[in-house]
Every structure is written in C-alpha cells, then in structure tokens.
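J.: Residues per chain, in single letters:
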Amino acid sequence: MHEHTGVVERAAEAYRALADLAETVEDEWQYVTDLVDAYLPSIQALAEPDPGLPVSAEAVAAVDEVIAEMALITDPHKAIDWLSTFPHIVALALGGNVDAAAGVQAAAAPDEADNEDSPFRMLMQGDR
Amino acid sequence: MRFQNAAKDARAVVYAGIQADPLVARVATLLAGATVAERWLARAAMNGERTDPAAWHRIFPTLFGENVATELRARADQILDASLAVANRGEAARSSYRGAVVEELTARLLATGATIGAPVRRERRVLFDGVPAEIHPYDVTVESTTRPEVYDCKWGARGINADVLNQLDDARAHAAEEDLGLDVAIVVFDARRSCQIRLDRATANRAGTRLVALEDLDGLTGARA
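Chains S and C supply the protein sequences, listed in that same order.
Count the first sequence with our numbering and you get residues 1 to 128, in order.
Count the second sequence with our numbering and you get residues 129 to 353, in order.
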C-alpha cells in the first residue's frame with residue numbers, strides 16, 4: 001500500500017514544474033501565479049487529514065500517470081490550460097476536493113450565497 | 129432589440145465547416161448527458177499529449193477501474209474515443225474543434241429546456257436602436273420575446289477577457305435601456321475555481337453576467353418561462 005503523502009508530494013512537484021513552464025507566457029504571468037497560489041495548497045491538502053492513510057495502488061497509478069502526461073508538455077500555453085485541469089484530475093483519483101481554498105469547504109459565490117432564488121446559486125448546485 | 133444572422137467572413141466560413149463536422153455533434157451529444165467526472169475526462173483527453181486510450185484509462189480509475197460497472201465504463205469509453213478523435217485532428221485544428229464542441233454542447237443543453245417561441249440559435253448578433261452592432265456574434269442565443277438570453281462560450285478560463293465581458297455587459301445594459309431583460313452568460317468548459325480566479329482580476333463590469341463553468345453545465349437545461 002502507498003501513503004497519501006508521497007503521491008501528493010509528487011503531484012505538487014509536477015504542478016510546480018507545469019507552472020514554471022506556463023509562466024514563460026509573460027502576458028499570463030499574473031493568472032499563472034494566481035492559479036498556483038490557489039491550487040498548490042489545495043493539492044497539498046489532499047494528503048490531509050490522514051497523511052499516513054494508505055491509498056489504493058489504482059489511485060497512486062492514476063496520479064503518477066497524469067504526472068507522466070504533464071512531463072510530456074512543452075507548449076507553455078498548453079501548460080496554462082493544464083494548470084486548471086491537473087488539480088481536479090488528481091483530486092478525482094484520490095477522492096478529494098480542490099474546489100475551494102485548502103481547509104475551506106466549497107461554497108456558492110459569496111455575492112449569491114444568500115439568494116435562494118438566484119440562478120447563479122442554482123447553477124452552482126448543479127453538480128452531477 | 130432584435131437578433132440577426134451574423135455576416136459570414138472568410139474565417140466564419142472556415143469555422144462553419146468545423147462546426148458542421150459530425151465529430152463536433154458526436155462529442156457534444158455525449159457530453160450533454162455526461163457526469164462532471166466524464167466532462168473532466170473529455171477536457172483532459174482533448175487537451176492531452178497522448179492519444180493512447182490505455183493511458184487515460186489509468187488516469188481515471190473512477191471511470192475505468194475494475195469496480196466500475198460495465199455500462200458506465202462503456203459510456204466513459206465512448207466519451208474518451210470521441211475526445212481523442214478531436215485530439216487526433218492535430219494541434220492546429222483541435223483548438224477550433226474544442227471551441228465548436230463547447231458551443232454545440234451549450235446549444236444542446238439550452239435546447240433541452242427551451243420552450244416554443246424561444247428558439248436556440250447560433251452565431252447571432254443583437255441589434256439595439258441607435259447602437260452600432262458588435263463585430264463578434266454571440267455563440268448561442270435563446271431568442272425569447274420576453275426573456276432573451278445570449279451566451280459566449282469558451283474552452284478555457286483563459287478565454288475570459290475584458291472584450292468578452294464588456295460585450296456581454298453592454299448588451300445587457302442596452303437591452304435594459306429598451307426596458308427588456310436580457311440574460312447574459314459566459315460558458316466555460318473549465319474549472320469553476322479557475323474561472324473565478326480569472327474573473328477576480330477582471331476590471332470589466334461583470335455584475336450582471338452569469339458564469340457557467342464545467343461543473344455547472346447541467347444548470348443550462350433548466351426550463352424557461
């Protein structure tokens with residue numbers, strides 16, 4: 001069996017490498033920085049609250065496989081696209097959530113959170 | 129306010145050929161009934177380097193794992209096959225195909241909840257009295273006489289920019305000047321969180337613009353008045 005910590009550390013390292021490539025697109029430096037600031041802690045938090053908890057070999061293989069996919073990317077524009085995709089795929093494999101800041105449960109947009117009839121709120125609750 | 133077909137320039141003619149490719153309809157049909165996880169699979173495969181299905185099977189154990197029901201695996205495989213067909217069109221073409229897929233998917237989901245008298249159309253301009261027409265048409269429109277809607281569609285959050293947000297907000301404001309409610313939205317086949325990060329840096333007025341991200345797409349099927 002494998003531990004959460006090791007596989008999550010490898011995913012975080014792959015994400016940093018992806019960001020290094022992506023930030024070579026100068027016009028998007030801010031966006032890349034914002035994505036990394038948001039998602040990297042969320043990826044790292046996938047190991048919590050049970051860092052020593054075993055995860056299935058299937059899940060570990062999934063994360064290592066998507067890390068291998070990231071290693072093939074040489075186009076920085078494609079790297080930007082993957083900065084928003086990679087964390088969600090890792091979370092799917094490990095059964096976690098990267099939809100909100102680390103330690104914070106995903107919620108509706110703040111402006112809409114109090115409006116029960118808001119179509120925005122209804123859309124936010126539309127997960128399948 | 130009225131809707132009008134967009135004039136077809138050379139770019140639009142080429143793009144129309146992509147929009148009409150049966151592959152676009154195939155992917156959109158599959159994604160219209162997909163789960164969020166299946167939509168992530170499609171986004172990843174259409175943007176991936178490898179086109180070997182086995183690699184994607186390993187990346188998505190929740191869709192292709194040993195414990196997944198046969199019919200669910202089969203559906204995910206259909207989505208994967210179609211997505212890899214887009215990827216196999218090559219780097220130059222796949223971005224156009226992906227954009228066309230998001231537009232077609234949006235139109236199909238909106239049509240699910242459409243009512244008589246509110247047709248869902250593509251590539252339409254919106255004209256207002258005394259206001260010069262926008263150059264770029266809207267990707268998808270729901271042309272209700274009482275509560276029309278316009279949608280701009282993007283493959284990724286990076287497509288959210290000031291021009292898009294301003295055009296949507298200007299349309300909403302001009303409609304309001306004619307005492308008509310116009311719902312404006314941007315549909316992005318990307319993570320809600322990434323879209324929000326992009327929007328948080330946007331200086332354009334977006335208070336009246338709805339965001340529909342990958343996780344929210346099923347909300348487009350809601351019945352309309």
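FYI, nobody ran anything at the bench for these hints, they're computed from the structure.
No residue lacks a Cβ here, since even glycine has one placed at the ideal position from N, Cα and C.
Keep in mind that a hint or two might mislead.
Okay, the calculated beta carbon distance ranges per label pair [what the hints assert, rightly or not]: (1) C:ASN133 with S:ALA101: 40 to 48 Å; (2) S:ALA17 with C:ASP257: 23 to 31 Å; (3) C:ALA213 with S:ALA100: 28 to 36 Å; (4) C:GLY241 with S:LEU72: 37 to 45 Å; (5) S:GLY6 with C:LEU255: 58 to 66 Å.
Here chain C is said to cover these stretches of chain S; the calculated rule only asks that three of the stretch's residues, wherever they fall, bring their Cβ under 8 Å from a Cβ of chain C [as the list claims (entries may be wrong)]: (6) 9 to 20; (7) 29 to 37; (8) 77 to 86.
J.: Each hint: holds or not?
T.: Here is how each hint holds up against the structure:
Under the hint 40 to 48 Å, the C-beta atoms of C:ASN133 and S:ALA101, about 45 Å apart, fit the expected range. Under the hint 23 to 31 Å, the C-beta atoms of S:ALA17 and C:ASP257, about 54 Å apart, miss the expected range. Between C:ALA213 and S:ALA100 the Cβ separation comes to about 34 Å, which falls inside the hinted range of 28 to 36 Å. Evaluation of the 37 to 45 Å hint for C:GLY241 and S:LEU72 yields a pass: the beta carbon distance comes to about 40 Å.
A hinted range of 58 to 66 Å holds for the C-beta pair S:GLY6 and C:LEU255, which are about 59 Å apart. A stretch counts as covered by a chain when three or more of its residues have a beta carbon under 8 Å from one of that chain; for the stretch 9 to 20 of chain S and chain C the count is 0, and the coverage is violated. Counting residues of the stretch 29 to 37 of chain S whose CB falls under 8 Å from any CB of chain C gives 4; the rule of at least 3 is met. Under a criterion of three residues with beta carbons nearer than 8 Å to beta carbons of chain C, the stated coverage of the stretch 77 to 86 of chain S is upheld, 7 such residues being counted.
Going down the numbered hints, you'll see the structure goes against 2, 6, while the others check out.
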